[in-house]
Amino acid sequence: MSWISKTFSSSIGRKIVMSLTGLFLCTFLVVHLVGNLQLFKHDGGTAFNVYSHFMGTNPIIRTIEWGLVLGFGFHIYEALMLTRRNQGARPQKYVANHSEQNSEWTSRNMGILGSLILIFLIVHLYNFFWRARFGGLDKIGGTDVETRDYDNLYMAVVSSFHVWWYVLLYVAAQFSLGYHLWHGFGSGFQTLGLNHRKYTPLIKAVGYGFAVVVSAAFAAMPLYFFLFTDDNGQLTSAVSPLVHSLTLALK
Amino acid sequence: MAGSNPNAKPMNLTLNVWRQPSPKAQGKIVEYQVKDISPEMSFLEMLDVLNEDLLHKGEDPVAFDHDCREGICGSCDLFINGRSHGPEKGTTTCQLHMRKFSDGDTITIEPWRANSFPINKDLSVDRSAFDRIIQAGGYVSVNTGGAPDGNEIPIPKDIADRAFEAATCIGCGACVAACKNASAMLFVSAKVSQLALLPQGDVERKTRVENMVAQMDIEGFGACSNIGSCAAECPVGISLENIAILNREFLTAKATSNNLA
Ligand code: HEM
Ligand code: SF4
Ligand code: FES
Numbered sequence: 380m381s382w383i384s385k386t387f388s389s390s391i392g393r394k395i396v397m398s399l400t401g402l403f404l405c406t407f408l409v410v411h412l413v414g415n416l417q418l419f420k421h422d423g424g425t426a427f428n429v430y431s432h433f434m435g436t437n438p439i440i441r442t443i444e445w446g447l448v449l450g451f452g453f454h455i456y457e458a459l460m461l462t463r464r465n466q467g468a469r470p471q472k473y474v475a476n477h478s479e480q481n482s483e484w485t486s487r488n489m490g491i492l493g494s495l496i497l498i499f500l501i502v503h504l505y506n507f508f509w510r511a512r513f514g515g516l517d518k519i520g521g522t523d524v525e526t527r528d529y530d531n532l533y534m535a536v537v538s539s540f541h542v543w544w545y546v547l548l549y550v551a552a553q554f555s556l557g558y559h560l561w562h563g564f565g566s567g568f569q570t571l572g573l574n575h576r577k578y579t580p581l582i583k584a585v586g587y588g589f590a591v592v593v594s595a596a597f598a599a600m601p602l603y604f605f606l607f608t609d610d611n612g613q614l615t616s617a618v619s620p621l622v623h624s625l626t627l628a629l630k
Numbered sequence: 063m064a065g066s067n068p069n070a071k072p073m074n075l076t077l078n079v080w081r082q083p084s085p086k087a088q089g090k091i092v093e094y095q096v097k098d099i100s101p102e103m104s105f106l107e108m109l110d111v112l113n114e115d116l117l118h119k120g121e122d123p124v125a126f127d128h129d130c131r132e133g134i135c136g137s138c139d140l141f142i143n144g145r146s147h148g149p150e151k152g153t154t155t156c157q158l159h160m161r162k163f164s165d166g167d168t169i170t171i172e173p174w175r176a177n178s179f180p181i182n183k184d185l186s187v188d189r190s191a192f193d194r195i196i197q198a199g200g201y202v203s204v205n206t207g208g209a210p211d212g213n214e215i216p217i218p219k220d221i222a223d224r225a226f227e228a229a230t231c232i233g234c235g236a237c238v239a240a241c242k243n244a245s246a247m248l249f250v251s252a253k254v255s256q257l258a259l260l261p262q263g264d265v266e267r268k269t270r271v272e273n274m275v276a277q278m279d280i281e282g283f284g285a286c287s288n289i290g291s292c293a294a295e296c297p298v299g300i301s302l303e304n305i306a307i308l309n310r311e312f313l314t315a316k317a318t319s320n321n322l323a
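In the order they appear, the protein sequences are chains A and B. Add 379 to the 1-based position in the first sequence for our numbering, that's all there is to it. Add 62 to the 1-based position in the second sequence for our numbering, that's all there is to it.
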């Protein structure tokens, strides 16, 4: 087994794990984002609650969830191991260092950006995931026998996103995520050796687009509820005609 | 002087130089003034002027590495104003000229800083870690005997060109110096991809990459975060594509070599 442990404890081996887990987390982001877009549906949260009930109870999803835990776990573990190695490689800093003249800020600060994401993740998981999984949420109620015993996660989202500091934390975290992905997406391909003069410019461009779209879409959720809805998730009277005409125009 | 520019005005400069008497000693920045520096001097000639001044004053001259002074040996390892080999792209320190600076400038000069490049004295560092990485696999074994004919082994032109590009690495260490992680990946990747591209390198292809990467890790260089400072500061323009080739070679070797250890 020793060649295996040697491979994965080498500097390149660790980066390969970093990259595979990082790109896997990118696919998770897509699923998470697409599902959450149902928050924008004007149905009092029904679609979102049905969806989150499915995500919380379906055995296949619950199994994949463990993959996600492992993905985050290994990504963070390798981040720590690599950061320790990298800092040990230059114990004495330069008196003058102008790395901003030869590289991008995001690429040099992946650890800081990742740590900010981690702080957000802990708060986020505690507030939504923990309460959904281990109790503490109200039921939907009402007359529909199918859904009345489902957790009303939608209302938890609405009330959280009316707390200003919570909204601020979410939006700030999306900046961290966006910058992390700005470098990370393309970097993950490079680490796997997937660099080719024909395709690399395209991969990078897709990565920049991915970073902006994903982080902006996630940030839009707290902002939408904070700015445009009341305590029940209904559009406030000031914006509701505007949104209506917008939806009509889009249709 | 032949070819000299009569309009070039001599400059006076302030130098902040890293002085460190021995490998383990505490070092510090010391300020010096140099006067009447011609813009046509190379950076190393400017340091020669400083050292001559110091010798006349009975002070210890500044130790710095240099050899060919024509951009091919890779010895002149100076970190100037926060950049490997100074502000000019694609040059070694010996090929950097004082016309890139202006009268009255303050210039900070430091050694390469990496745990794997210990400081000998002042600005001179020990880059023998690079030699040990090359010894671990950066060669091809050939039979001695009669000289083979040129072009006996056919190599397509575009492959030969790419291998040659990688072969232009002069082992200067600017990549390590510029990298936030003091990573040697660009240097190692240049040699690995040069030899992986050529039929002569095929025999030792898998052991080479396994052994060179292992030695690189033993020496204590950092890992690659794909930041790109290395390639931006490399005097001969070794590209990041080589690091991708290195990673591919490494993965393939680890997955398919007969080495179980
Ligand atoms: C949804 C969350 C996350 C995603 C999608 C993500 C994605 C990525 C990707 C694609 C890379 C590039 C891998 C490579 O360079 O080969 C990366 C690198 C990195 N990530 Fe994350 N990441 C996430 C969360 C985190 C967290 C929570 C941390 C740390 C606590 C973290 C720390 C790092 C570090 C330090 C690197 C750079 C490693 C290096 O190049 O030396 N990331 N991430
Ligand atoms: S890759 Fe470039 S910067 Fe690094 S040692 Fe070779 S020539 Fe110097
Ligand atoms: S002294 Fe040889 S490259 Fe500068």
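Honestly, the hints are just simulated from the structure, not real lab data. Fair warning: this is a prediction, and the values are worked out from it, not measured in the lab. Ideal placement from N, C-alpha and C gives every residue a C-beta, glycine not left out. Any given hint could be a false lead.
Said to hold, decoys possible - BS3-like, lysine-lysine: derived pairs with alpha carbons at most 30 Å apart:
hint	chain 1	residue 1	chain 2	residue 2
1	B	Lys242	B	Lys219
2	B	Lys86	B	Lys242
3	B	Lys151	B	Lys242
4	B	Lys86	B	Lys71
5	B	Lys183	A	Lys577
6	B	Lys162	B	Lys71
7	B	Lys119	B	Lys151
8	B	Lys242	B	Lys90
9	A	Lys472	B	Lys151
10	B	Lys183	B	Lys71
11	A	Lys472	B	Lys183
12	A	Lys472	B	Lys162
13	B	Lys242	A	Lys472
14	B	Lys242	A	Lys577
15	B	Lys219	A	Lys472
16	A	Lys583	B	Lys90
17	B	Lys183	B	Lys86
18	B	Lys183	A	Lys583
19	B	Lys183	B	Lys162
20	B	Lys162	B	Lys219
21	B	Lys183	B	Lys219
22	B	Lys71	A	Lys472
23	B	Lys242	B	Lys162
24	A	Lys577	B	Lys97
25	B	Lys183	B	Lys242
26	B	Lys242	A	Lys385
27	B	Lys151	B	Lys162
28	B	Lys183	B	Lys151
29	B	Lys119	B	Lys219
30	B	Lys183	B	Lys97
31	B	Lys119	B	Lys71
Stated by the list, open to error - Some but not every residue of chain B turned toward chain A, in silico, with C-beta under 8 Å:
hint	residue
32	Lys86
33	Tyr94
34	Arg175
35	Asn177
36	Pro180
37	Ser287
38	Gly299
39	Glu303
Can you list which hints this structure breaks, lowest number first? 1, 4, 5, 7, 10, 15, 16, 18, 20, 21, 22, 24, 29, 32, 33, 36, 38
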